[in-house]
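There are 2 protein chains.
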Amino acid sequence: MNLILFHPDEISRPLPRQDPRAQHLLTVLRRRVGDTFDAGQTNGPRGKGTLLHLAPDHLQIRFDWEPAPPPPLDPLTLAIGLPRPQTARKILQEAAALGVQALHFVRTEKGEASYADSTLWHSGEWRRHLEHGTAQAFCTRLPALTHGNTLAGLLDTLPAPVHGIALDNYEAPGPLSKCHVIRDTRLFVFGPERGWSEGERELLRGRGLVFAHLGTRVLRLETAVVAAVAIFKAQRGAM
Amino acid sequence: MNLILFHPDEISRPLPRQDPRAQHLLTVLRRRVGDTFDAGQTNGPRGKGTLLHLAPDHLQIRFDWEPAPPPPLDPLTLAIGLPRPQTARKILQEAAALGVQALHFVRTEKGEASYADSTLWHSGEWRRHLEHGTAQAFCTRLPALTHGNTLAGLLDTLPAPVHGIALDNYEAPGPLSKCHVIRDTRLFVFGPERGWSEGERELLRGRGLVFAHLGTRVLRLETAVVAAVAIFKAQRGAM
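Chains as they are written, first to last, in the working numbering: chain A, 11 to 249; chain B, 11 to 249.
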């Protein structure tokens with residue numbers, strides 16, 4: 011954790027000593043009374059926290075916030091066929107660290123239906139991974155997230171025309187970097203492990219998405235996500 | 011594993027039943043006598059294996075190899091300040107999957123010296139991670155690897171002039187994608203967790219390496235490696 015994130019309504023309250031952030035401050039960062047650390051308000055400013063008082067059951071912290079919030083996230087949305095939870099955890103952290111604006115994990119026809127029922131999604135654990143990636147990047151802005159929508163349902167929520175690219179190793183005419191729409195794209199769509207159904211491919215084409223691949227080597231989904239986002243950011247001179 | 015790798019001297023011998031590949035074939039891929047699977051010879055051809063006979067202590071396999079070997083690896087070498095072993099494991103797999111030609115894990119002045127003594131390096135465990143990434147990518151070609159050399163020692167082994175880029179968030183004038191030498195580069199150098207020493211930066215500059223960064227967000231080393239390799243491959247139209 012390169013900074014410690016707090017929700018806005020936690021700022022004025024003492025931090026319970028059993029909170030993982032208190033443990034991190036005291037045992038990993040080894041902060042003592044009077045010491046400072048890098049802090050952030052979720053979707054708000056960055057700043058410094060100062061440890062004012064160490065009570066048996068809580069910590070008192072003073073915050074001094076920078077006037078300007080961190081820079082905005084990249085204008086890129088990812089839609090991803092629901093992967094196995096262990097893969098989703100990695101993607102949540104990586105995509106948040108890279109700074110994408112929104113993440114949508116969608117149900118797909120050939121995807122494993124049980125993945126949508128994971129405690130990752132229903133316990134709210136996903137939020138912890140987004141926060142972890144965001145704090146890693148020294149940022150406070152969390153990507154927006156949905157899970158469990160269908161691909162068609164998600165596409166209906168996006169403003170038309172959709173400037174998007176579907177990453178698909180089977181049907182794509184060329185690599186992502188050569189894709190003529192990459193400069194205008196605002197959406198990358200990644201299929202599930204077993205690929206898209208023919209109906210879903212039709213749907214993507216019908217909504218104007220263009221197909222592209224990431225080369226001839228078979229990559230794990232989390233590697234493909236980082237690679238595609240890096241290529242997007244590089245096209246914009248941001249990486 | 012998208013294919014199962016065998017060393018050339020294993021091809022003509024039965025596969026012991028307790029070998030992890032035998033277990034994978036029988037219990038994950040659920041192959042029975044007469045079934046085939048995707049196989050590869052380390053640094054050699056790909057092909058099909060056919061399970062001929064299942065003895066109590068070994069498997070007999072027939073191999074049918076494709077005439078042409080898989081395409082060459084990308085002409086990119088990575089030199090990386092020795093990271094904590096858990097990070098190195100991820101990088102070994104990711105870089106092998108992405109298809110870089112060589113990986114050198116170097117000792118650095120500010121790096122944690124004990125990382126070089128990890129069993130990862132001394133038990134040969136590193137090779138398993140390279141094989142895992144290579145098999146993931148449906149390839150047989152393993153990157154070359156060294157570990158424990160110093161940065162200066164490594165640079166001495168590379169043919170001059172070194173067309174390389176040092177990824178450095180502190181001293182770089184601009185992002186990797188805008189770096190004027192990216193099309194000619196054959197080497198990316200990544201610093202250790204605590205960064206380069208001033209002497210190492212001088213050394214890199216003296217050998218003609220150019221500095222570039224990967225944006226303002228602080229990325230984990232394994233994320234930075236995937237991002238930089240993706241940008242390299244995209245510049246060559248390979249991704």
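The hints are simulated quantities; they were obtained by calculation from the structure and are not laboratory data.
You may find that some hints are simply not true.
Note that the list lumps identical chains together, so a pair holds whenever it fits in one copy or between two copies.
[As the list claims (entries may be wrong)] Calculated cross-link-like contacts (lysine-lysine; reagent style DSSO-like; alpha-carbon spacing at most 30 Å): (1) K58 to K100; (2) K120 to K188; (3) K188 to K58.
Status of each hint after checking the structure:
1. K58 to K100: within (28 Å within a copy, 32 Å between copies)
2. K120 to K188: Close inside one copy (28 Å), not across copies (40 Å); limit 30 Å.
3. K188 to K58: Classified as neither; 43 Å inside a copy, 33 Å across copies.
The structure fails hint 3 only (numbered hints given earlier).
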